[in-house]
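A.B. asks: Below, each chain spelled out in residue letters.
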Amino acid sequence: MDWKTSVKSNGIMEWPYPVRYHDEIELETDVLVLGGGIAGCFAAIAAAKAGSRVIVLEKGAALRSGSGGTGCDHWINTPHPDSSITAEEILDWEVKFSGGYCNGISRYIAARESYETLLELEAMGGKIRDTSDEFEGAAFRDEKSKFLFAYDYENRIHFRVWGSTFKPALYKACRELKVNIKDRLMVTALLTANGMAGERVIGAMALHTRTGAFYIIKAGAVINCLSRHQRNWAFSTELRGISSFRPPQIVGDGHAMAWRAGAEFTMMEKSVLTSFGSGNVLPPYSHGNCLNTWFPCSMIDAKGSEIPYQNRDNMIIPDPADRTRPAPGQKFLGERTTDYEYKRPELIGNLKEKIEQGEYTLPLYADLPGMSEMDRKAIWGLMVGEEGKTGIPVRDLYQIAGFDPEMDLLQSYMFLGSDPMRGSVRPQERTGGEIGDAGGLFVDWELKTNLEGFYAAGDALFAGNYFYHAATTGRYAGKNAARFAAKVNKFSPNREQIKKEKTRIYLPLGKKGRMEWKELNMAMCRIMQDYCSEYKNEELLNIGLAWFDDIEKNELSHVSVDNPHQLVRTLEVFNVLTCNRMILQASLARKASSKYLHFHRLDYPELDPEQWRKWIVLKNLDGTIEQSAKPLNFWQSLVDIYESHRS
Amino acid sequence: MKSFALPNNTSPASPVIIDADICNGCNKCVNICQVDLMIPVRKKGAAPIILYPEECWYCGCCVEICPETGAIKLNPPLIQRVRWKRKKTGEHFRV
Chain A
1 MDWKTSVKSN GIMEWPYPVR YHDEIELETD VLVLGGGIAG CFAAIAAAKA GSRVIVLEKG
61 AALRSGSGGT GCDHWINTPH PDSSITAEEI LDWEVKFSGG YCNGISRYIA ARESYETLLE
121 LEAMGGKIRD TSDEFEGAAF RDEKSKFLFA YDYENRIHFR VWGSTFKPAL YKACRELKVN
181 IKDRLMVTAL LTANGMAGER VIGAMALHTR TGAFYIIKAG AVINCLSRHQ RNWAFSTELR
241 GISSFRPPQI VGDGHAMAWR AGAEFTMMEK SVLTSFGSGN VLPPYSHGNC LNTWFPCSMI
301 DAKGSEIPYQ NRDNMIIPDP ADRTRPAPGQ KFLGERTTDY EYKRPELIGN LKEKIEQGEY
361 TLPLYADLPG MSEMDRKAIW GLMVGEEGKT GIPVRDLYQI AGFDPEMDLL QSYMFLGSDP
421 MRGSVRPQER TGGEIGDAGG LFVDWELKTN LEGFYAAGDA LFAGNYFYHA ATTGRYAGKN
481 AARFAAKVNK FSPNREQIKK EKTRIYLPLG KKGRMEWKEL NMAMCRIMQD YCSEYKNEEL
541 LNIGLAWFDD IEKNELSHVS VDNPHQLVRT LEVFNVLTCN RMILQASLAR KASSKYLHFH
601 RLDYPELDPE QWRKWIVLKN LDGTIEQSAK PLNFWQSLVD IYESHRS
Chain B
1 MKSFALPNNT SPASPVIIDA DICNGCNKCV NICQVDLMIP VRKKGAAPII LYPEECWYCG
61 CCVEICPETG AIKLNPPLIQ RVRWKRKKTG EHFRV
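Those protein sequence lines, which keep their order, are chains A and B. Under this note's numbering, the residue at position 574 of the first sequence is numbered 574, and the numbers go up by one with no gaps. Under this note's numbering, the residue at position 31 of the second sequence is numbered 31, and the numbers go up by one with no gaps.
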């Protein structure tokens with residue numbers, strides 16, 4: 001029943017859950033995992049297997065939570081015994097593509113351990129092979145192992161997987177290992193030794209999203225698996241669920257609390273045009289296209305003419321089989337890259353001009369009926385079926401509405417102003433990075449931050465990546481955190497720190513506010529668009545900071561809430577504000593422009609000058625920002641250091 | 001006809017449609033929803049209330065977990081409805 005109907009017949013309902021604001025519940029564990037998504041579940045499983053008692057705190061419901069909770073269609077960048085591509089070659093590509101602004105540590109760990117992580121997932125019950133022989137004989141299938149591959153059918157490092165089976169398998173494995181999963185808890189702050197920023201992390205504090213009760217969790221080690229910042233530049237108050245690429249409750253809670261605790265961050269100055277996050281684009285992969293999930297779908301125009309694919313040298317490739325083969329001399333095809341060395345075939349580059357000249361007629365369509373049966377089934381049945389946001393919302397829903405992939409041409413909205421991949425959004429509608437390479441926690445080879453006892457995995461790391469990376473780094477961080485927790489004594493939380501946090505989070509209660517959280521988030525996006533977007537300079541960035549000072553002083557104490565749910569949403573927006581400050585501080589610290597960081601300072605226009613090709617690392621110690629720099633390849637010798645840590 | 005003093009609906013107003021006759025009131029959808037947009041009602045066996053419709057991410061995990069076929073379905077916002085064409089006949093359809 002919708003709310004209005006309910007109100008008309010029963011009046012305004014009271015909050016259905018017991019309200020327990022300020023009540024304290026204390027818990028204690030060896031390893032505390034913040035966030036129960038892919039990274040969080042893998043971290044918990046690894047720590048529990050190493051003998052630790054583990055608690056997972058999850059804001060939603062861990063059975064399906066996280067960016068990959070409802071599914072994923074591919075497990076990429078994965079060397080394995082039947083492929084000749086090595087982990088070092090994969091890292092070469094990632095470093096080249098990002099101009100060096102890549103997390104060499106986590107990406108290398110991922111490349112080295114991704115295959116064994118995938119097999120571990122299979123042992124838990126995740127489906128990774130075509131065991132029903134549905135695709136027998138397909139060009140992308142290995143007949144012996146029954147693995148299916150995507151994008152590059154020759155080198156076979158990108159697996160097609162049944163990702164909707166993954167989260168339930170992980171959840172079950174957590175339960176079997178006696179991991180204590182606490183759903184509906186929003187982590188609000190870290191507990192530190194003596195309550196001091198920059199000291200060892202000894203636990204966390206959390207708020208129950210339904211009751212408003214306050215949780216104090218003491219731990220030997222803490223792992224941040226809370227993804228990354230979102231809703232900084234783009235947010236829609238009404239279509240809010242579809243104005244973010246990741247689930248909308250992912251806002252950078254982990255970034256904000258780690259910043260307040262004195263953890264080091266890097267790359268927060270980076271922002272890119274958002275290709276997904278805007279209320280006026282269509283959800284990713286929900287219409288006819290030929291990108292990623294839909295690659296290598298044939299596209300035709302309104303009159304039935306096929307749009308040719310071209311190779312990296314802009315030469316038309318007539319044979320559809322060549323869309324998934326490297327060009328002569330090309331090592332392998334990257335999953336998504338503009339770098340010549342690894343570039344995938346794509347639709348002809350001058351398509352727009354040809355449409356304008358009348359050679360092709362709009363609208364365009366995905367020609368699933370024109371594909372071979374195996375390719376069609378791989379795209380519509382498997383990839384669209386297993387990708388997180390397209391299984392039920394696209395494949396199932398469209399088929400219920402009558403869409404038949406064997407007979408029907410799904411319209412493409414490319415060139416009609418709502419292509420989710422090329423962005424019809426305004427240039428100031430940005431994101432820290434929707435796919436990979438966004439700012440995050442700076443870590444060492446243990447995936448440990450500068451704070452003792454505090455680890456990170458998945459998108460909480462700087463320059464994180466997809467599902468495979470979240471899983472692999474979660475597993476790796478879980479093992480290290482367990483080892484640390486086994487050898488340390490637990491600290492007692494500092495009462496003063498608890499008191500301060502309770503004052504902060506319960507601030508909106510009882511306010512007769514002039515505004516609610518949505519208006520605040522929307523306004524903050526406008527500030528970021530105006531003062532920290534495609535045009536930046538010292539003056540603009542400082543005005544941005546002044547704006548947030550002002551909002552903290554004047555508006556924050558007037559935001560009102562009616563129940564614990566709204567309190568959580570409000571605290572999320574407070575975290576968005578903290579992340580905005582981090583972005584502004586990082587943008588002020590980098591006094592140079594960078595093509596790779598999509599970072600343009602009008603007062604320092606030179607692109608990527610040599611002296612600025614480095615990581616700027618920032619931390620906040622009770623309001624004082626400390627800045628340091630690290631060479632881009634600070635991880636040094638990948639193979640040797642990895643091997644020494646592994647042993 | 002009785003009129004009510006009510007604020008405007010948010011848009012979209014109904015991200016999911018629950019058929020109260022089929023729904024068994026188990027609240028599995030309420031408890032799997034990642035943004036917690038529904039709330040349970042006191043009456044045993046009754047369908048939940050969609051309290052925060054605009055927060056829906058349209059992931060479909062509520063539909064996936066529902067034990068009663070047809071009790072809950074996703075209802076994408078009108079702005080997100082796409083079209084298709086039957087290749088042989090040229091007939092047009094929409095979601």
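Think of the hints as simulated: they come from the structure by calculation, not from any bench. Some clues are possibly wrong.
[Stated by the list, open to error] Label pairs and their calculated CB-CB ranges: (1) A46/B to R20/A: 55 to 65 angstroms; (2) W15/A to C26/B: 19 to 29 angstroms; (3) D339/A to I79/B: 28 to 38 angstroms; (4) D133/A to C26/B: 32 to 42 angstroms; (5) T337/A to G70/B: 56 to 66 angstroms; (6) D133/A to T69/B: 49 to 59 angstroms; (7) R94/B to D313/A: 37 to 47 angstroms; (8) P81/A to T69/B: 38 to 48 angstroms; (9) P18/A to T69/B: 45 to 55 angstroms; (10) W15/A to G90/B: 16 to 26 angstroms.
[Said to hold, decoys possible] Coverage of chain B stretches by chain A, computed from C-beta distances (three or more under 8 angstroms per stretch; other residues unrestricted): (11) 7-17; (12) 37-45; (13) 49-57.
[What the hints assert, rightly or not] Some chain A residues close to chain B (C-beta under 8 angstroms, calculated; not the full set): (14) W3; (15) D142; (16) I242; (17) P247; (18) P248; (19) D408.
C-beta atoms are modelled at their ideal positions from N, C-alpha and C, and glycine is treated no differently.
A.B. asks: Against this structure, judge whether each hint is valid.
C.D. replies: Hints and how they fare:
1. A46/B to R20/A: 55 to 65 angstroms: 25 angstroms Cβ-Cβ, so the 55 to 65 angstroms window is violated.
2. W15/A to C26/B: 19 to 29 angstroms: 21 angstroms, holds
3. D339/A to I79/B: 28 to 38 angstroms: 35 angstroms Cβ-Cβ, so the 28 to 38 angstroms window holds.
4. D133/A to C26/B: 32 to 42 angstroms: 36 angstroms, holds
5. T337/A to G70/B: 56 to 66 angstroms: Violated: the Cβ-Cβ distance is about 44 angstroms, outside 56 to 66 angstroms.
6. D133/A to T69/B: 49 to 59 angstroms: 28 angstroms, violated
7. R94/B to D313/A: 37 to 47 angstroms: 40 angstroms, holds
8. P81/A to T69/B: 38 to 48 angstroms: 43 angstroms, holds
9. P18/A to T69/B: 45 to 55 angstroms: 33 angstroms, violated
10. W15/A to G90/B: 16 to 26 angstroms: 54 angstroms, violated
11. 7-17: holds (count 7)
12. 37-45: holds (count 4)
13. 49-57: holds (count 9)
14. W3: 5 angstroms, holds
15. D142: 30 angstroms, violated
16. I242: At about 6 angstroms, which falls below the 8 angstroms cut-off, the nearest Cβ of chain B leaves the hint on I242/A intact, so it holds.
17. P247: Holds - the Cβ of P247/A comes within 8 angstroms of chain B, reaching about 5 angstroms at its closest.
18. P248: 6 angstroms, holds
19. D408: Check passed: Cβ of D408/A comes within 5 angstroms of chain B, closer than 8 angstroms.
Comparing the model with each earlier hint shows violations of hints 1, 5, 6, 9, 10 and 15; every other hint is respected.
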